[in-house]
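Novice: Just so you know, our numbering puts 491 at position 491 of the first sequence, and the rest follows in order with no gaps.
Be aware that a few hints might be false.
Unchecked claim - Straight-line distance between alpha carbons at most 16 Å, and here's what the computed EDC-like set of lysine to aspartate or glutamate pairs gives: (1) K515 with D129; (2) K24 with D70; (3) K810 with E783; (4) K32 with D510; (5) K215 with E537; (6) K373 with E394; (7) K406 with D231; (8) K661 with D510; (9) K151 with D420; (10) K215 with E198; (11) K654 with D755; (12) K736 with D675; (13) K108 with E198; (14) K417 with E185; (15) K531 with D231; (16) K531 with D45; (17) K284 with D420; (18) K112 with D594; (19) K112 with D675; (20) K741 with E731; (21) K743 with E645; (22) K417 with D675; (23) K90 with E599; (24) K300 with E347.
Claimed, not checked - Have a look at the derived ranges for each label pair, beta carbon to beta carbon: (25) D203 with P29: 20 to 28 Å; (26) V752 with P128: 54 to 62 Å; (27) S770 with R15: 49 to 57 Å; (28) K616 with K31: 50 to 58 Å; (29) V414 with K803: 53 to 61 Å; (30) V444 with P128: 17 to 25 Å; (31) E281 with K353: 16 to 24 Å; (32) E405 with E316: 15 to 23 Å; (33) P213 with V93: 34 to 42 Å; (34) C145 with Q392: 54 to 62 Å; (35) G150 with E737: 56 to 64 Å; (36) N648 with S583: 23 to 31 Å; (37) N809 with K661: 16 to 24 Å; (38) V414 with G150: 32 to 40 Å.
What the hints contain is simulated information worked out from the structure, not anything from laboratory work.
Here the structure is a predicted model, which means the values were calculated and not measured.
Every residue gets a Cβ at the ideal spot worked out from N, C-alpha and C, and that includes glycine.
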Amino acid sequence: MQMYPFKEIEAKWQRRWEKQKLYKTTDPPKKKYYILVMFAYTSGDIHIGHFRNYIIGDVIARHRMMNGYDVLHPFGWDAFGLPAEEAAIKHGVNPEKWALKNIEVSRKTIQKSGVSFDWDREVITCLPDYYKWTQWIFLKLYESCLAYRGKSLVNWCPHCNTVLANEQVKGGRCWRCEQEVFKKELEQWFFKITAYTERLLSDIDKLVDWPEPIKIMQRHWIGRSEGTEMDFTIEGTGEKISVFTTRADTIFGVTFMAIAPENPLLQRLDIEPEYKNEVDEYIKKSAFKDETERISATEKDGVFTGKYAINPLSGEKVQLWVADYVVAAYGTGMVMGVPAHDQRDFEFCRKYKIPIKVVIQPRGMTLSPNKMKEAYVKPGVMVNSDRFNGLQSEKGIEKVTEYVEKNKLGRKKVNYKLRDWLISRQRYWGAPIPMIHCEKCGIVPVQEKDLPVLLPKGNIDFLPRGRSPLADVEEFINTTCPKCKGKAKRDPDTMDTFVCSSWYLFRYTDPKNDKEPFSKKKASRWLPVDKYVGGSEHATGHLLYFRLFTKFLHDIKWLSVDEPTRELFNHGMVLDSKGEVMSKSKGNALSPTDLIDKEGVDVSRIAMYFAAPSEKEILWTGEGITGASRFLNKIYNLAQQAEPENLNLKFKLKDLNEEEKKTYRKLHQSMKKVDEDIETLQYNTAIASMMEFLNQFSLISSDSLIYTYCLKNLIQILSPFAPHLAEELWEGFGFKESIFKSKWPEYDKNAVIEDMVTFIIQVNGKLRGSFEVPVNTDQEKVERMALENEKVKHFTKDKRVLKTIFVPNKLINLVVR
RNA sequence: GCGAAAGUGGCGGAAUUGGGAUACGCGCUGGACUUAGGAUCCAGUCCCGUUUCGGGUUGGGGGUUCGAAUCCCCCCUUUCGCACCA
1 MQMYPFKEIE AKWQRRWEKQ KLYKTTDPPK KKYYILVMFA YTSGDIHIGH
51 FRNYIIGDVI ARHRMMNGYD VLHPFGWDAF GLPAEEAAIK HGVNPEKWAL
101 KNIEVSRKTI QKSGVSFDWD REVITCLPDY YKWTQWIFLK LYESCLAYRG
151 KSLVNWCPHC NTVLANEQVK GGRCWRCEQE VFKKELEQWF FKITAYTERL
201 LSDIDKLVDW PEPIKIMQRH WIGRSEGTEM DFTIEGTGEK ISVFTTRADT
251 IFGVTFMAIA PENPLLQRLD IEPEYKNEVD EYIKKSAFKD ETERISATEK
301 DGVFTGKYAI NPLSGEKVQL WVADYVVAAY GTGMVMGVPA HDQRDFEFCR
351 KYKIPIKVVI QPRGMTLSPN KMKEAYVKPG VMVNSDRFNG LQSEKGIEKV
401 TEYVEKNKLG RKKVNYKLRD WLISRQRYWG APIPMIHCEK CGIVPVQEKD
451 LPVLLPKGNI DFLPRGRSPL ADVEEFINTT CPKCKGKAKR DPDTMDTFVC
501 SSWYLFRYTD PKNDKEPFSK KKASRWLPVD KYVGGSEHAT GHLLYFRLFT
551 KFLHDIKWLS VDEPTRELFN HGMVLDSKGE VMSKSKGNAL SPTDLIDKEG
601 VDVSRIAMYF AAPSEKEILW TGEGITGASR FLNKIYNLAQ QAEPENLNLK
651 FKLKDLNEEE KKTYRKLHQS MKKVDEDIET LQYNTAIASM MEFLNQFSLI
701 SSDSLIYTYC LKNLIQILSP FAPHLAEELW EGFGFKESIF KSKWPEYDKN
751 AVIEDMVTFI IQVNGKLRGS FEVPVNTDQE KVERMALENE KVKHFTKDKR
801 VLKTIFVPNK LINLVVR
């Protein structure tokens with residue numbers, strides 16, 4: 001194809017934009033707009049999925065620029081993490097060098113994409129000027145008692161002799177050596193996200209412009225559940241054991257108790273010798289099972305402890321079992337077994353022949369324990385429940401809870417699924433945890449003036465040996481205690497990379513600050529983020545963590561806002577032609593560089609935008625390229641006929657011929673459509689409407705009074721999508737300043753309204769004809785015209801019109817019989 | 001199992017306060033032109049038939065309505081998220 005000279009044009013403008021500092025943020029802003037795209041995790045060069053993500057945000061940024069906003073549109077790199085360390089282990093390269101090299105390559109690719117990032121604000125999380133402040137935030141959390149050390153079960157690979165992250169465990173096996181992974185209890189650092197549970201939950205309602213599915217996922221993840229805690233006692237010792245239930249109405253149906261194998265209570269139980277072995281065996285066996293194995297088990301199992309618990313209401317004595325279908329970390333780590341009304345308990349009882357007791361009877365049918373095939377979990381009437389008999393079960397929950405509260409046998413309780421955030425990693429390539437372990441003073445925080453705690457460089461053995469590589473780096477690990485000045489050791493662990501990415505959006509507002517993480521004043525100018533563009537895979541990770549950090553920094557008065565962003569947009573993924581996710585390991589990741597070199601940036605961008613609405617995934621086949629290049633070529637060629645001196649021509653609508661009038665109207669309709677579609681990120685239809693305009697436009701002569709006028713406006717509304725071509729043509733029109741400094745054109749409100757409308761005629765709801773009439777023609781006239789229509793006559797012949805439906809400017813429907 | 005989203009030509013997709021189904025583009029068919037190209041221009045392209053006309057069609061079935069891709073009910077399929085949370 002005869003392509004316009006895109007290579008020269010694109011290179012020229014990228015050079016000029018850089019030289020002019022066109023995308024430099026105006027700070028302080030007069031009218032701010034903060035558009036943020038999720039920064040990149042450095043695992044190699046970017047692929048066309050990233051390309052799509054960034055050009056989606058770019059349209060908004062450029063559109064806002066032209067609408068008089070001072071735009072903050074920054075970019076950066078999430079540069080700590082496993083890929084760099086893996087490369088170090090495999091190829092012996094230094095992780096920092098590896099990461100910075102990848103950033104170089106990726107940055108170049110993005111710069112070739114013509115995205116309007118202000119590169120002066122770039123942040124890189126693995127550099128000390130950034131992670132110093134990640135550590136600073138850790139210290140602030142520690143001061144507020146929100147960072148604490150606690151024991152937890154972590155994934156342990158016996159072959160690699162190391163702890164693994166959850167995402168490194170595939171089907172219960174180590175991702176590298178395929179050994180089975182089991183749980184091990186280790187002391188780790190946690191962030192107390194549970195202190196913020198209620199606020200994180202209730203403030204979801206403030207996130208009005210977040211996609212509903214993400215909000216639902218977060219609510220579900222937090223998992224608030226209202227219920228009752230019941231105090232059972234252990235027979236003999238009288239020790240109180242509490243269980244959480246949402247079905248207090250079934251308390252009289254308890255026929256056993258089940259306790260999680262990890263529950264420390266088991267160690268205090270003083271189990272009789274005849275049960276001891278079996279119980280210990282079971283606990284050990286459970287520890288070796290991984291999470292998925294436990295969940296997918298087709299049969300629930302457990303072991304009787306030989307102990308009994310006393311029901312606080314009925315006084316009945318029931319067996320106490322250990323069972324690994326009970327989740328240790330939820331509620332009190334044990335459950336009351338009500339087989340008749342809980343499916344899980346039902347299955348358990350059937351297997352071990354534990355009795356089933358019906359206490360909720362459905363209306364109009366009688367349950368009998370022997371005949372039940374599954375638990376009856378729906379509401380009904382309480383039976384076999386002493387003083388509560390006859391109560392509707394929903395009401396029963398209330399009444400039983402009231403009763404136990406009054407008699408001090410239990411209490412109302414709210415439980416959550418959300419657990420505290422384990423942030424320790426036994427890895428080298430992360431931000432060191434700024435804590436010191438002193439034999440005399442215990443755990444002592446590094447003093448603020450001593451930050452950053454630098455990651456040691458040089459010859460480091462990265463191979464995991466069951467503890468952090470840093471533990472063996474003498475010059476790092478050995479230090480003095482800030483309190484007693486005696487010998488002490490640094491914490492050898494580093495932080496989860498999600499910590500680094502929880503506050504980068506604030507750093508962008510003041511990226512060079514070496515006195516504080518960011519100035520409060522600057523942050524308050526820009527926050528909250530006006531639009532955040534990124535993938536939905538972060539729904540319950542990053543998108544929860546950065547909300548937590550925002551609230552925390554708000555509480556310690558570093559931020560005025562308590563939610564990071566008012567608007568979130570989830571872009572769709574780019575899949576390969578087979579519909580598979582692109583990844584480096586699969587080898588199907590397409591680089592945008594090849595595409596850009598071959599087709600040009602603007603054509604590539606248009607093809608991407610046009611393929612589907614931004615939130616949908618794209619199967620990248622490259623088929624859209626042809627249409628995109630024809631479209632831009634056509635504009636380039638038509639623009640060669642433009643007469644810049646005609647730009648100031650004044651014309652009156654009534655002087656235009658019919659085709660010109662139509663063209664004028666189409667232009668303004670398209671301007672309106674593009675405006676609206678940019679707001680909803682429906683770029684595919686925005687481009688479609690420009691194509692429609694172009695089809696109409698090619699019908700008018702280049703001598704037309706409105707020829708140049710139309711092109712000027714088209715180029716402006718095209719510019720956020722195809723910035724290089726638009727800029728080139730703009731210059732060709734004689735404009736001295738960048739098109740992105742020009743004012744976004746306003747559409748003519750009168751022009752978008754048609755003066756003639758097409759009425760459709762239906763007979764009994766079926767289309768039978770149409771005609772053109774001036775807008776706002778009244779019903780009487782339209783009806784008369786409809787009845788005179790030949791085709792309509794054919795269908796109304798010998799029939800009576802019973803009813804006429806009239807929709808102004810749209811249709812008339814004759815109901816006949 | 002629970003939760004969410006979606007299902008429209010050969011393909012990507014458009015149309016949602018209920019009002020012309022298939023905009024726009026790709027592909028395909030025919031023609032023109034030609035400096036033979038990944039060119040450009042013109043015409044056609046949902047399906048069926050007896051083809052200036054008529055009938056049918058938005059995963060399937062039912063309903064509401066003058067009128068349903070759009071609203072309601074049931075079913076099927078696909079994708080995503082959560083997954084023994086008591």
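Novice: Hint by hint, say whether it matches the structure.
Specialist: Hints versus structure:
Between K515 and D129 the alpha-carbon distance is near 10 Å, which keeps this suggested pair within the 16 Å criterion. Of the supplied pair hints, the one linking K24 and D70 holds, its CA atoms being roughly 10 Å apart against a limit of 16 Å. Taking the CA atoms of K810 and E783, the gap is near 12 Å; set against the 16 Å cutoff, the hint holds. For the given pair, K32 sits about 15 Å from D510 by alpha-carbon distance, which is consistent with the 16 Å threshold.
Proximity of K215 to E537 is assessed by CA-CA distance (about 13 Å); at most 16 Å being required, the pair is judged to hold. The straight-line distance between the Cα atoms of K373 and E394 is roughly 23 Å, outside the 16 Å bound, and the hint therefore fails. For the proposed pair K406 and D231, the alpha carbon gap of about 13 Å is at most 16 Å, so the pair holds. In summary, the hint linking K661 to D510 is not supported, as the alpha carbons are separated by about 51 Å, beyond the 16 Å threshold.
The straight-line distance between the Cα atoms of K151 and D420 is roughly 11 Å, inside the 16 Å bound, and the hint therefore holds. For the proposed pair K215 and E198, the alpha carbon gap of about 14 Å is at most 16 Å, so the pair holds. Distance restraint check for K654 and D755: the Cα-Cα separation of roughly 13 Å lies within the 16 Å cut-off, and the hinted pair is therefore satisfied. Between K736 and D675 the CA atoms are separated by roughly 25 Å; this puts the pair beyond 16 Å, and the hint is violated.
For the given pair, K108 sits about 44 Å from E198 by alpha-carbon distance, which is inconsistent with the 16 Å threshold. For the hint linking K417 to E185, the alpha-carbon distance of about 20 Å lies beyond 16 Å, and the restraint is violated. Under the criterion of a C-alpha separation no larger than 16 Å, the hint pairing K531 with D231 is inconsistent with the structure, at around 49 Å. Pair hint K531 plus D45 does not hold up; C-alpha atoms about 25 Å apart against a cutoff of 16 Å.
Taking the CA atoms of K284 and D420, the gap is near 25 Å; set against the 16 Å cutoff, the hint is violated. Distance restraint check for K112 and D594: the Cα-Cα separation of roughly 11 Å lies within the 16 Å cut-off, and the hinted pair is therefore satisfied. Taken as a hint, the K112 and D675 pair is broken in the structure, with Cα atoms around 26 Å apart against an allowance of 16 Å. Between K741 and E731 the CA atoms are separated by roughly 12 Å; this keeps the pair inside 16 Å, and the hint holds.
With a CA separation close to 20 Å, the supplied pair K743 and E645 exceeds the 16 Å bound. Simply put, K417 and D675 have alpha-carbon atoms about 43 Å apart, too far for the 16 Å limit, and the pair is violated. Note on K90 and E599: the hinted pairing is violated, with a Cα-Cα distance of about 36 Å set against a maximum of 16 Å. Our distance criterion of 16 Å between C-alpha atoms is met by K300 and E347, whose separation comes to about 7 Å.
Taking the beta carbon of each, D203 and P29 are about 26 Å apart, inside 20 to 28 Å as hinted. Evaluation of the 54 to 62 Å hint for V752 and P128 yields a pass: the beta carbon distance comes to about 56 Å. Checked against the hint of 49 to 57 Å, the pair S770 and R15 passes, with Cβ atoms roughly 54 Å apart. In this structure the supplied range 50 to 58 Å is violated for K616 paired with K31, their Cβ-Cβ distance being about 32 Å.
A beta carbon spacing of about 58 Å between V414 and K803 agrees with the range 53 to 61 Å that was offered as a hint. V444 and P128 have their C-beta atoms about 22 Å apart, which keeps the hinted 17 to 25 Å range intact. In this structure, E281 and K353 meet the distance hint of 16 to 24 Å, their C-beta atoms being roughly 21 Å apart. Checked against the given bound of 15 to 23 Å, the beta carbons of E405 and E316, roughly 21 Å apart, stay inside it.
With their beta carbons about 40 Å apart, P213 and V93 fall inside the hinted range of 34 to 42 Å. For the pair C145 and Q392, the supplied restraint of 54 to 62 Å is violated, since their beta-carbon distance comes to about 44 Å. The hint said 56 to 64 Å for the Cβ distance between G150 and E737, and at roughly 59 Å that hint holds. For N648 and S583, the Cβ-Cβ distance of about 54 Å falls outside the hinted range of 23 to 31 Å, so the restraint is violated.
At about 19 Å, the beta-carbon gap between N809 and K661 stays in the expected band of 16 to 24 Å. Taken as a hint, the range 32 to 40 Å is violated for the pair V414 and G150, whose Cβ atoms sit roughly 22 Å apart.
Figure legend: structure checked against the earlier numbered hints; hints not met, in rising order: 6, 8, 12, 13, 14, 15, 16, 17, 19, 21, 22, 23, 28, 34, 36 and 38.
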